Amino acid sequence: MVEVWRLLDTGLRDAYYNMALDEAIAIARSKKLVPNTIRFFRWEPSAVSIGYFQSMEEEVDIEACNRLGINYVRRRTGGGAVYHDRDGELTYSIVVDEEHPLISRDLQKTYEVLCSGLVRGLRSLGVPAEFRPINDIVVEGKKISGNAQTRSMGVVHQHGTILRDVNPNLMFTVLRVPSEKIRDKMIKSVEERVTSINKYLKREVSFDELKRALIRGFEEAFNIRLAPGEVTEYEENLAIKLRDEKYSTREWNFRR
Amino acid sequence: MLRSEYKAEGGKLIKVQLSKEDNQITFIKITGDFFMHPEDLIEDLERSLIGCTIDEETIIERIKRFIEEREVALLGATPEDFAKCIVRAGGGGG
Numbered sequence: 035m036v037e038v039w040r041l042l043d044t045g046l047r048d049a050y051y052n053m054a055l056d057e058a059i060a061i062a063r064s065k066k067l068v069p070n071t072i073r074f075f076r077w078e079p080s081a082v083s084i085g086y087f088q089s090m091e092e093e094v095d096i097e098a099c100n101r102l103g104i105n106y107v108r109r110r111t112g113g114g115a116v117y118h119d120r121d122g123e124l125t126y127s128i129v130v131d132e133e134h135p136l137i138s139r140d141l142q143k144t145y146e147v148l149c150s151g152l153v154r155g156l157r158s159l160g161v162p163a164e165f166r167p168i169n170d171i172v173v174e175g176k177k178i179s180g181n182a183q184t185r186s187m188g189v190v191h192q193h194g195t196i197l198r199d200v201n202p203n204l205m206f207t208v209l210r211v212p213s214e215k216i217r218d219k220m221i222k223s224v225e226e227r228v229t230s231i232n233k234y235l236k237r238e239v240s241f242d243e244l245k246r247a248l249i250r251g252f253e254e255a256f257n258i259r260l261a262p263g264e265v266t267e268y269e270e271n272l273a274i275k276l277r278d279e280k281y282s283t284r285e286w287n288f289r290r
Numbered sequence: 012m013l014r015s016e017y018k019a020e021g022g023k024l025i026k027v028q029l030s031k032e033d034n035q036i037t038f039i040k041i042t043g044d045f046f047m048h049p050e051d052l053i054e055d056l057e058r059s060l061i062g063c064t065i066d067e068e069t070i071i072e073r074i075k076r077f078i079e080e081r082e083v084a085l086l087g088a089t090p091e092d093f094a095k096c097i098v099r100a101g102g103g104g105g
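Chains as they are written, first to last, in my numbering: chain A, 35 to 290; chain B, 12 to 105.
No lab work stands behind these hints, which were simulated from the structure alone. Be careful, since some hints might not be right.
Derived lysine to aspartate or glutamate pairs resembling EDC-like cross-links, with alpha carbons at most 20 Å apart [what the hints assert, rightly or not]:
(1) B:Lys26 - A:Glu92
(2) B:Lys75 - B:Glu32
(3) A:Lys215 - A:Glu225
(4) A:Lys66 - A:Glu267
(5) B:Lys40 - B:Glu67
(6) B:Lys75 - A:Asp140
(7) B:Lys18 - A:Asp170
(8) B:Lys18 - A:Glu92
(9) A:Lys280 - B:Glu50
(10) B:Lys40 - A:Glu285
(11) A:Lys215 - A:Asp95
(12) B:Lys26 - B:Glu67
(13) B:Lys31 - B:Glu79
(14) A:Lys215 - A:Glu226
(15) A:Lys245 - A:Asp278
(16) A:Lys66 - A:Asp131
(17) A:Lys143 - B:Glu54
(18) A:Lys280 - B:Glu54
(19) B:Lys31 - B:Asp51
(20) A:Lys143 - B:Glu20
(21) A:Lys177 - B:Glu54
(22) B:Lys40 - A:Glu92
(23) B:Lys26 - A:Glu91
(24) A:Lys66 - A:Glu37
(25) B:Lys40 - B:Glu54
(26) B:Lys26 - A:Glu37
(27) B:Lys40 - A:Asp43
(28) A:Lys280 - B:Asp51
(29) A:Lys215 - A:Glu92
All values reported here derive from a predicted model rather than from experimental measurement.
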């Protein structure tokens, strides 16, 4: 019998709730209150997330974010700074028991296995995606997806981005660059190093079409069935608490 | 404050800020886009380096011991990478 995981689609939410809900799902899973889960989500307003170990002031142009109404949040996972465009990007998270056969002790291997669902989904759209260690998915050498993972309480939590559309100008307005002089150069270099689904396929792929492809990709790669479900009351209450007491606070976001 | 950046093999960036006295670390902050969990042990790792002599081998040993004792997982950066970055930051007088 095929194993069933829960599928959540929480739509457009702000950065603090988005990060809080990810943690709430991981905690709920660790208490065996919910099944293994894959969640899709987007960001409204657009936002920047930074890795756990990064410095907010060093990575993010706070003044530009405030001017443009862009949120900024620290993630519970390591990795780099990411600009999450409201209309350009789909984000996913996977929350799975550490004892699950998909998960090995080898962290690098686990990234590859969990990313294989995305790779498969992207390929079904006609995008020749490949996993590139440590934590990226690339198309013809250009990055299309970045991913970050942590383990705690017996649960593996991986989240990441899939670029449907890309806007390097805005990306470098909100992310700090070493100097203004090289901003143009960096924008150019991002155009050479980063791609998106729309850019590669030269057509507009809707979020719905992308999600359908990824759902199939995860189901086939993990040999599971994804059953649409809801955020539980426990998770929702915990997410609100984590949003208010952690992810939206200056103490958390500027702690490094 | 002394600073340095070091790109680990595999591409993750480590940034170190430190103060020293008599070639021993008196303050250190390690930031960057590497992966380490449990994440909240980074501050304990920094604390464990206070008083450490700025010498590559000594720092590698100190970090390795911390990782083993506290069951820390690292990805994208090694104790050797951290040590290189710390020695670079601490290398120039002050």
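Verification of the hints:
no.: 1; hint: B:Lys26 - A:Glu92; verdict: holds (10 Å)
no.: 2; hint: B:Lys75 - B:Glu32; verdict: violated (23 Å)
no.: 3; hint: A:Lys215 - A:Glu225; verdict: holds (17 Å)
no.: 4; hint: A:Lys66 - A:Glu267; verdict: holds (14 Å)
no.: 5; hint: B:Lys40 - B:Glu67; verdict: holds (17 Å)
no.: 6; hint: B:Lys75 - A:Asp140; verdict: holds (18 Å)
no.: 7; hint: B:Lys18 - A:Asp170; verdict: holds (17 Å)
no.: 8; hint: B:Lys18 - A:Glu92; verdict: holds (16 Å)
no.: 9; hint: A:Lys280 - B:Glu50; verdict: holds (15 Å)
no.: 10; hint: B:Lys40 - A:Glu285; verdict: holds (17 Å)
no.: 11; hint: A:Lys215 - A:Asp95; verdict: holds (16 Å)
no.: 12; hint: B:Lys26 - B:Glu67; verdict: holds (16 Å)
no.: 13; hint: B:Lys31 - B:Glu79; verdict: violated (26 Å)
no.: 14; hint: A:Lys215 - A:Glu226; verdict: holds (19 Å)
no.: 15; hint: A:Lys245 - A:Asp278; verdict: violated (29 Å)
no.: 16; hint: A:Lys66 - A:Asp131; verdict: holds (9 Å)
no.: 17; hint: A:Lys143 - B:Glu54; verdict: violated (27 Å)
no.: 18; hint: A:Lys280 - B:Glu54; verdict: holds (18 Å)
no.: 19; hint: B:Lys31 - B:Asp51; verdict: violated (24 Å)
no.: 20; hint: A:Lys143 - B:Glu20; verdict: holds (18 Å)
no.: 21; hint: A:Lys177 - B:Glu54; verdict: violated (32 Å)
no.: 22; hint: B:Lys40 - A:Glu92; verdict: holds (13 Å)
no.: 23; hint: B:Lys26 - A:Glu91; verdict: holds (13 Å)
no.: 24; hint: A:Lys66 - A:Glu37; verdict: holds (16 Å)
no.: 25; hint: B:Lys40 - B:Glu54; verdict: holds (8 Å)
no.: 26; hint: B:Lys26 - A:Glu37; verdict: violated (43 Å)
no.: 27; hint: B:Lys40 - A:Asp43; verdict: violated (38 Å)
no.: 28; hint: A:Lys280 - B:Asp51; verdict: holds (14 Å)
no.: 29; hint: A:Lys215 - A:Glu92; verdict: holds (17 Å)
The structure shown violates the earlier hints numbered 2, 13, 15, 17, 19, 21, 26 and 27.
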